[in-house]
Structures are given as C-alpha cells and as structure tokens.
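Q: Residue strings, one per chain:
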Amino acid sequence: MLTRAFLYILITLVTVSSAGALNASAAAALDHLRHVMDQYHDRFIVYEDVSAAGNHFHSWAKIPDSGAAVLMNGSSTDAPRRGATAIRAEFQNVAGPNFGGFYLLNGILPDGASSPQPNFGTVPNAGFDLTGATTLTFWARGQSGGETIDFFMGGVGRNAGSGDPESPYPDSTAVVKQTFVLTTQWTQYSLDLTGRNLSYVLGGFGWVASDTFNPGGAVFFLDDIEYQLSPAARAARLDQPRFLRSFETEAFQSQPPPVGDFDFVLRNTAYTYDNALALLAFLAEGSADGLRRARLLGDAFVYASEHDRFFDDGRIRDAYAAGDISLPPGWTPHGRAGTVPVAGYYVEATQTFVEIEQAGMSTGNNAWAMLALLSLHRATGDSHYLDAALRIAHFVQGFRQSTGTYQGFRGGLDQPESSPTARPWASSEHNLDLYAAFLQLARATGDSQWTAEAEHARQLIESMWDVSIGCYRAGTTDSATRNESAGQLRSDVQSWSILAIPGLRALHPGVLLCVESNHATTDQGFAGVISTRTKTASGSKGAPIWPWRMKRMGTW
Amino acid sequence: MLAQAQSTAPFGDGFGIAAASRDGLTTGFGFSFFRRRHVGATAWDVFAQLAFNPFYGIPVHRGEVFTLTPCRLLDTRAPGQGPALTSQITRALATVGVCGIPPAAKAVIVNVTVTGPSGAGYLTLYSGDQSLPVAATITFSAGQTRTNNAVLPVAADGVGTLRIYPLVGGNGTVHVIVDTSGYFE
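These protein sequences, in sequence, are chains A and B.
Heads up, the first sequence is in numbering that gives the first Met the number 0, so the first residue is 0 and it goes up one at a time.
Heads up, the second sequence is in numbering that gives the first Met the number 0, so the first residue is 0 and it goes up one at a time.
Since the hints were derived computationally from the structure, they do not count as laboratory data.
On a predicted model such as this, the values are computed, not experimentally measured, just so you know.
The reader is advised that the hints may include incorrect statements.
Just a sample of chain B residues kept apart from chain A, beta carbon distances all over 12 Å, derived [stated by the list, open to error]: (1) S20; (2) G39; (3) A40; (4) R76; (5) A77; (6) G79; (7) A83; (8) S86; (9) I88; (10) G96; (11) S117; (12) A119; (13) Q143; (14) G169.
So the derived label-pair ranges between C-beta atoms look like this [what the hints assert, rightly or not]: (15) A77/B - F310/A: 47 to 57 Å; (16) G79/B - T476/A: 24 to 34 Å; (17) T66/B - V346/A: 18 to 28 Å.
Even for Gly, the Cβ is constructed at its ideal location relative to N, Cα and C.
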C-alpha cells in the first residue's frame, strides 16, 4: 500500500493542535473532500471527459443502423470546452438521400460480455429513473459553423412520429427533440424536459444530421452533456452512497507517460484506503453533515462488500470506480445486477475498457475499511457497519500465517478473480492496520478471538523491529525472511506505529528518529519526508503518493 | 508544510493537499508518486489539524486512551511479589487501583519482560474473565531476557484482573515484570 503524505509532519502537528478546533486548514481540507464527494452527484452526467467517473449511457449506437456514415470519438483533444476531452462527431454525406447520427444508450451488459450492448427496449429493467430532471444541457460547437443538427433524448422503442410504444420495454417518454444550428464557438444548448415521464430512460442523448441541411457533411464537437435536476431530485442524488475519486487528475489525455498516463488512467479511481480516510475525516469533523457524509461512505463500503461482481465473502477491493455506487440497470457481469463498478479507463483506439487495481487484493486496504466501519459503528450504533467489518475480518483471517519465523497476516491475494494466489509476504503496515482494526473489533463484539488476532498481528510488527538501525522493517518476503532491502525502509511504518500501538513510544522511544535519519528531505521548497528510503539516499524526494498499477482485463 | 502544500502553486488550490512534491517519484515498491490533489493526503491534514487518531477514530488526547507515567504493575523478583512463575500455574494480577488505573479501564497497555527462565517457553497474558487464548504474549529461550508490549483487556470484576499463564520447559520457572503506560476506557 501506499502513501501517507507528510505523515511525519502530521505526527508533529498532532502534538500541538487543539482537539476539535476546526482551523482554517482543516476547514479548507474538508471543503475539498465535500467537493470531491459531490462533484458527480449534483447533476446526472452523460459525458464530461472520456472515462470520467460521472459518465452514463455508455452504449453508443448508430442511427439508423450500423451502416450509417457517421463517426464519434469520445476522446477528442481538439479544443475541448473543459477538461481533457470532448466528443468529436461527424456526419459524412455519402451519395443519395442520406441521414445519420448516434444514440447514447444505457444498453445492457449480459453475463460474459466485455462491453455494453445496445438495448432498444427489448430487455426489461435496464433504464435509468431520471425523475426530477428538468433540462438536458450540453455544449456544442461546429467545425465550420452552420452545422444543423437534431439533438434529442428518449423515444427508444417508440414510434418516432406518434411516440407510441413499438418495443415491450421502451423509454418512458416519447422523443424530446430540437434542432440547433451550431457556430464555431462553444455554446450551451438545452432540451426542456418539463412534464416528461423520465422514470425509465434508455436513450440519454442523441443527434442526427441529414444531407438536406448539411450537404457537405458536418463535423462538430460535444462536451459536458448533463441532466440538470430539480432541488428535490438533486438532494436525493446527493444522498446516495458513493466513493470519492482519489486524485484530482489534470486535463491530460494521451500524453507520453508517465504524467499523461497517470491523469488518464486514474481519472475515475477511488481507492479504498482514501475513502476510509475520508470517512474518518468526516467523523473527525463532528458535524451533522460530517456524520451524514461518513454514513454515505460507510453505506458505500457495506454496499461494495455485499455487491461484488465476483465474490460473496464480504471482502473489499483495493479500488473501485467513483461515481454511482452500482453499475447501471441492465448491466449484469457474472449474472449479477447492481454490482459495484471497478476503476478503469477507455482506450479509444482499441475501443477497450482497461480495468486497474484489480490485480491484487490487500489485507491492508481491507483493514482500513474495517477501521472506518468500526469507528462509524461506534459513532452511530448502526449494526450494519459492524456486520460488514466482521465479514471483512473473517476474510482477512484467511491470510493468517501461523507457522514460520515471521507470522502475522500476509499481504493478501494476487489475481483474485482469474488465478487467486496468496501472497507469501507480510507487510508491517498491513499488520499495523490490522492490529488496530482487530482491537476495535474486540471492543465492539467482546469476542476475545479478535484480541488474539490483534496480538498475532502485533507480534509480526514487533519482529520487524531492527535494533541495529532503530527502525521497523517493511515486512517479510516470506515467513522465514525479513525484508531488509535498503531500498524498502518505509517512513509510514515508523510514524503509524505510534498511532496504531498505544504505548509504543515507551518501547521504542526513538522510533521517529528513524524517520529523521532516513527519510527527511527538502524538495521544491517543501520540507517533508520521503515514503521509502531508496537505494540511493538522495534518489527519491518529496512526500508519498499512491501506487498505480494497471491490469488489462476482458470484463467490466 | 501542510499549509504550504495546501496553498502553494502549482498543485495547491487552498483546499486539497497534493500527494507529493513532484511527479514520478519512485517508492522502491514498483509504483510511483504524483503531485495531484489527493483525498488521502487531504484527510490526513484533517487528522493532523484536529488531533484525531484515525486508527481508533478518536481524538488523540480527548478520547478513550489514557496514558500513564510508566509504572510497574508486577515484578516477581521484588520482595512480596514473587516467587518466579512456575510452568502451567496461572498467576492473577489485579490492575485497578495500581499505577492509577481506574475501575473504568477496559484494557491496559503493558510492556512485559521475562528474565531468568530456566527453560524455553512462553507467557500468555489475558483477561481474568476470559479463557486462555491461543496466542502467546511473549516467547523466550532458556536464560533469555526479552520484552514485548501488548494491549490487554482486563476483567470487569471490579479489580481488573489479568491472568498470566506460563509454560516453561522442564516444568521450570520464569521471572516476570509487567509495566504499564496507559489504559483504555
């Protein structure tokens, strides 16, 4: 696991701050967390950027059929209105009477499918309830100006003229359509949805162009397609469980690695660890709104624990996708409806969705989910949170190492879905997390088995203390071997040990000297610590960040 | 430094905290760091500013963990506290009223030291109202002096009983020192 930015500085601050006083820095930090939490839920987004967490209606179907002479590229970097990308749309006027366009459908994702398929109203239970949406707004610009385009929503499975149903499970509204003439400047347009029945929406957005008004064809761009919500609908959407995306990525797309890839790859990633911390930060704030937000995050963890696409044992993945807590209606990977989405990114060139952070499943991340849920249980008394923490704890017990010189709990699994393999190594940090989590669980349940498990984790931690350097080692490579690599001495293990193990400073009063000696640095005008002492002492600077590992998988 | 990171361009906006001071830092564990505003780093700022311990979901100095000046609960070498523990004979230890531990204490923070064991073995410390757990608190070899720390629940019997179960090879003996530095309520 990961990075604990500025943690040594944190420890210093802990000793000097006034408990409970919401100073300017904390208030601003909480503002940031609230912003991140709400950024995809104060409206209903169809398209923001490619792979953005708030996007919906992912099945793009040609009109009138697959042979239509139309193109769409959702990853265009040609002067997007905002963010990294826009949609480039093109109508090619081939010979003869001609028209064509695209429909952005919710579609369906049947068991075994690797990408969503169109649904024109033949499959039930596959539409969004957008009741309370007031307008559909979008931004558009023409490449040359004068492009005349019909824009619309709804009407899927209905007669285009009469609006009468023609499919068994059509859109709940007849088509809502308006023609706009574009200019070369980004301009916002809107479709009025007043009085429409939006309880079952299959077609979120669409456009059609014809040779009548575009004899030379048409190229235009679309961006920030959104349903605006009534105050009541907005409040209801903001009250839905969800995860926060971990990083505020920059508007890079298809840039050379590593920077561009980072911003592209992690655009919608919500790490479990970050979200556990966010929950705890809202609890720390102590306000009614903070508790409400903590509960929404706790509900998201409970939901994820109970609605995995593959597993039934309550485990938590290392990362999920931000945005909605469940896949769209009608999307049923492995035959399961309402599963929690995983993070990833869409590659336009190959039209492939690449999942990330699914190549492993870590005990440390599961421990952080436990820590968050158990604190929330104590704050609310809601047994759902305790029950979820217990399920996670039983999952983590599967990694208990009960033989060998170094025991504790191993790091988790690699390839958990395709070829689950238990990791041979154990992490000091994971075991610190587990120690505190098991202690909390023991106190919440009164069950002494969790005290014993805490002690088992703590024994591994203590066996990592290297008296020769006055530091905790990062962990083991297997149950017989302590990882004493010079390049893998972690700062977070030292500083976290004080927070996780009450009374630790009595045992190792100099534990923070390890950080001062091995990790203190100055970079870019910032004095802080590095996360890991690398092989060359000056080779790494600054505070830590999260890992980003990616895995291409064939399914959502 | 956190305030500086929160406000200083190019990655600070006055609200979120970036995860690193520059892009592409290596970690030694196969992943890199980038300077983007980060939920985790920002949450840690909240903890720091509010003196909040996320591991236990409590304020650092206003919650249920109470620290004590290190104090000796038991020393079997001391007059009146011996003799050394004999293998498989459990010793009960009252904690309430000793070293400032109050009746409300649910668990105590201890350092356990063994010295002069006549054989290899282990000690298991556990609550006086619970059954003997599987996990040992500290293990040792013959003649070895070792120390370990632990957080141990105490019995809700009014005196906060801890039990110490020794197993020493050759049905031997071992001296035990138990120090405390705090407790949980």
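Q: Under the constraints set out in the numbered hints, which ones does this structure not fulfil?
A: Going through the list in order, the structure violates hints 1, 2, 3, 16 and 17 and respects the others.
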